[in-house]
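Residue numbers are given in full-length UniProt numbering: position 127 of the sequence shown equals residue 127, and the series is strictly consecutive.
By construction, these hints were calculated from the structure, which means they are not laboratory data. Cβ atoms here follow ideal geometry from the backbone N, Cα and C, with glycine treated the same way. Among the hints, a few may not be true.
As the list claims (entries may be wrong) - With a Cα cut of at most 30 angstroms, we get these calculated DSS-like pairs of lysine-lysine:
1) K53 with K139
2) K139 with K20
3) K25 with K139
Claimed, not checked - Simulated restraints, written as ranges between beta carbons of each label pair:
4) K53 with Q17: 48 to 56 angstroms
5) F29 with L80: 20 to 28 angstroms
6) Y19 with A147: 14 to 22 angstroms
7) L32 with L111: 21 to 29 angstroms
8) F129 with E54: 14 to 22 angstroms
9) S68 with W8: 46 to 54 angstroms
10) G43 with L93: 22 to 30 angstroms
11) Q17 with G57: 50 to 58 angstroms
12) S68 with Q119: 19 to 27 angstroms
13) F29 with I88: 15 to 23 angstroms
14) L111 with Y6: 44 to 52 angstroms
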Amino acid sequence: DSGKSYSWTDVSGNVYQYYKHPMTKAVLFVLLQELCERLAFYGLMPNLQIFLKEYLGVDDAGANSYISTFNAILYVTPLLSAVISDTILGLYLTILVFSFVYMAGLALLTLSTIHSISQPWMIHMALLFLIAFGAGGIKSCVNVMGAQ
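Construct the complete structure from the given sequences, taking the supplied hints into account.
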């Protein structure tokens, strides 16, 4: 039985649980997380310049600058999430928290396409904070979880 757990109690009374095949669940989680994150990211990036020009009214140079800022935040954030993972939340919880931040950003960006409720702050908040921090926060943790 692959889900069978074994327990061991040390002299202090701490109980430890061990599973016969722990990698099955971890591998599925890592692969599914990476699939969803990459699908969302690569679905967003090709359309981002056109989206910024249409909804924020910026020119090509402004859109490129915005995308560069987005990418800079995205690729610096893994440093922060690695520290958070190692010191505060742990690996699994860090991935979970940053995944929800990422999903909130994608939801807010989707809502910002509805002309009747669209506000520029929604786009700025979604792109420069929620999506960039969420995607960046996941980057340093998913690979480590797969390696463990």
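Taking the hints in turn, this is what the structure says about them:
Under the criterion of a C-alpha separation no larger than 30 angstroms, the hint pairing K53 with K139 is consistent with the structure, at around 28 angstroms. Annotation: proposed proximity of K139 to K20 holds, straight-line Cα distance about 28 angstroms (limit 30 angstroms). Restraint check for K25 and K139: the C-alpha separation of about 19 angstroms stays at or below 30 angstroms, so the hint holds. Hint check: K53 to Q17, Cβ distance near 54 angstroms, so the stated range 48 to 56 angstroms holds.
Taking 20 to 28 angstroms as the suggested C-beta distance range, the pair F29 and L80 conforms, at roughly 22 angstroms. Y19 and A147 have their C-beta atoms about 18 angstroms apart, which keeps the hinted 14 to 22 angstroms range intact. For the pair L32 and L111, the supplied restraint of 21 to 29 angstroms holds, since their beta-carbon distance comes to about 25 angstroms. For F129 and E54, the Cβ-Cβ distance of about 21 angstroms falls inside the hinted range of 14 to 22 angstroms, so the restraint holds.
For S68 and W8, the Cβ-Cβ distance of about 52 angstroms falls inside the hinted range of 46 to 54 angstroms, so the restraint holds. At about 26 angstroms, the CB distance of G43 to L93 agrees with the hint of 22 to 30 angstroms. Separation of Q17 from G57 is about 56 angstroms and conforms to the stated range, judged on CB atoms against 50 to 58 angstroms. At about 23 angstroms, the CB distance of S68 to Q119 agrees with the hint of 19 to 27 angstroms.
Our hint of 15 to 23 angstroms for F29 and I88 holds, since their Cβ atoms are close to 20 angstroms apart. With their beta carbons about 47 angstroms apart, L111 and Y6 fall inside the hinted range of 44 to 52 angstroms.
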